[in-house]
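The residues making up each chain are set out below.
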Amino acid sequence: MEDKQTEKDLPPFVNTWKQFYFLLGFWLVLLIALFYAFTKYFE
Amino acid sequence: MSYIDWAVLFTTILAIVGYGVYKSRGAQSMQAYLLGNQSLPWYTVCLSVMATQASAITFLSAPGLAYTSGMSFVQFYFGLPLAMIVLCITFVPIFHRLKVYTAYEYLEQRFDLNTRALTAFLFLIQRGLSTGITIYAPSIILSTILNIDTTYTTLFIGGLVVFYTVYGGTKAVSYTQLLQMSIIFCGLFAAGIMVVHLLPGDVGFTKAISIAGKMGRTNVIDFSFDWNNPYTVWSGLIGGFFLQLSYFGTDQSQVGRYLTGSSVSQSRLGLLMNGLVKIPMQFLILLIGVLVFTFYQYNKAPIFFNSYELNKLEASPYKAELNKIKTDYNSAFESKQQEVIKLDKALEAKDETLINQQRTAVKKADEETKTIRKSLTELMLKNDAKASTNDNNYVFLSFVTQYLPKGLIGLLIAIIFLASMGSTASALNSLASTSVVDIYKRLINKEATDQQYVKASRWATLIWGAVCIVMALFTSKIGNLLEAVNILGSFIYGTILGVFIVAFYIKKVRGKAVFYAAILTEAIVCIIGFNEWVAYLWLNVIGCLLVVFFALIIQRLLKKKTVELEVNH
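The listed protein sequences derive, respectively, from chains A and B. Okay, so the first sequence: first residue is 0 according to numbering that gives the first Met the number 0, each after it adds one. Okay, so the second sequence: first residue is 0 according to numbering that gives the first Met the number 0, each after it adds one.
I should point out that these hints are in silico values taken from the structure, not numbers from a laboratory. These figures come from a predicted structure and were not determined experimentally. Be aware that one or more of the hints could be misleading.
[Stated by the list, open to error] Here are the simulated lysine-lysine pairs, DSBU-like style, with alpha carbons at most 30 Å apart:
id, chain 1, residue 1, chain 2, residue 2
1, B, 363, A, 39
2, B, 507, A, 17
3, B, 344, B, 369
4, A, 39, B, 341
[Said to hold, decoys possible] To spell it out: a stretch of chain A is covered by chain B in this simulated footprint if at least three of its residues, at any positions, have a beta carbon under 8 Å from a beta carbon of chain B; those stretches are:
id, segment
5, 9–21
6, 26–36
For each residue, glycine too, the CB sits at the ideal point set by N, CA and C.
Excised from the complex, chain A in its bound form (with noise of 0.2 Å):
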């Protein structure tokens, strides 16, 4: 039951909640990459 509602319940800008994951894991991949070339650029 819970799982239906969930299903239905879907999160913004994508289709699924494993969607929502990957796009989280993906902008932390590139905050660290963001943050090397910024550590580069003034050290």
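Please arrange chain B on chain A, whose structure you already have, making use of the hints.
Using the frame of chain A, we list chain B on its own:
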């Protein structure tokens, strides 16, 4: 502070408390008082979770840390988005489905009463002790800045929080946190703009960061592996992941926040948005510290930011030595300023050879001022062995009160109060819910009515509030307790997380095995922690893995014993 600042400070705080009290009126059932009727939208959950984690020290320490040693602290949060994903897949749906009030309630359904009571007890000790510090730490800083006795700032913060938390329960906590975080974001944004505005005319935002970068303050990423350094990519990703997972998954002060979401999806979205926003937010707070650092390359910084400690030394027999150090510091600053101006010009001319040459020169000048500051702190300790020689927490507030315009000073001081109130409120609410749901309702009085439990929850909040305030007042008498209590979380979180990991993922392990595994692990973690064999972040990983390991072994031994007994019979 001017009258305008005092007016802004009191208006902001009282308006927020008033709003929280108004929005939470009429909480008469356990469901309403402890879970806010599970009716809150994702953005309230997200801001509430963020406000719970961000104590006043977050906003005071981080800019100070960037000022003294750079931006590497941001790596501490790298494990957070990953922890949010695991929470959303496992913890959140289970907690919602079982309709629990506390995380520990689930452990009785999965294991037994002993395991539930043990984890609830560990939580009460850890959270009870650290909440006193959550009130005390900003109180002492605010009392120095505002020139008011610590007792009054402690009573003011503690008293207000206890009032609205007792009155409105979890809803009052969430609604006040919603506004608190909004004001905190606005205030910090305004502070960032003002720092850039106060820099010399030809030093813009990018150049300000370049200058700080050449002096080693933009070191966000460190890929090296060091067991004893908590601020590297690996300790942030691995150690941070376990710490954040245990904090958000097993600490009732956080579980209580996202259980107020109106559905699994709203709770999930609140947590995932926290995962999206937290690292950039922390980066921006550190960036403000970096900008303040550049500002002080053109304007002379106080030799020591904690004026209370400096005044103590002024009034001591070491005044002559202090004056000598001050003279050295002034001349060191002037030479450093000249080098920074040359660096500024080299950056303007984009002359790489000159930039490299000046980078070495400014770093050398920076080291010289650091050496002078070190001799000052040594003198402080000579005068008073208990003197506080770390002034990180005073850097930002000292800058705010000295250089920012009227009104904004009041707003930024209000932010410190609000941050402290936000995390304290969540802690009191969680201490009350664990005391009532896991101890009082389960072990002492099983047959009371819903209204009686609400009454008990209000009393529990009041009593925990009083205990924490007394502890905050008492902490001022025992200086070195502060750090010990801050690290205490890592001693306990790993063990509790291990219990939950076994509960969720290893179905064959039963209550007895996990209970003994948790006790054994806690003993080992305490030995490792007290001997400081690894940086405290790793204690979470070790604790969690040991519980899983011991639980599997003990379960196997118990099974063997049962089989042998059956055979003998």
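These are the hints, each one checked on the structure:
1. B:363 <-> A:39: Satisfied, since the Cα-Cα distance of roughly 20 Å is no more than 30 Å.
2. B:507 <-> A:17: Holds, at roughly 28 Å.
3. B:344 <-> B:369: Judged against 30 Å, a Cα distance of about 24 Å means the pair holds.
4. A:39 <-> B:341: holds, 22 Å
5. 9–21: holds (count 6)
6. 26–36: With 6 residues in contact (Cβ-Cβ under 8 Å with chain B), the coverage given for the segment 26–36 of chain A holds.
The structure is consistent with each of the numbered hints, conforming to all of them.
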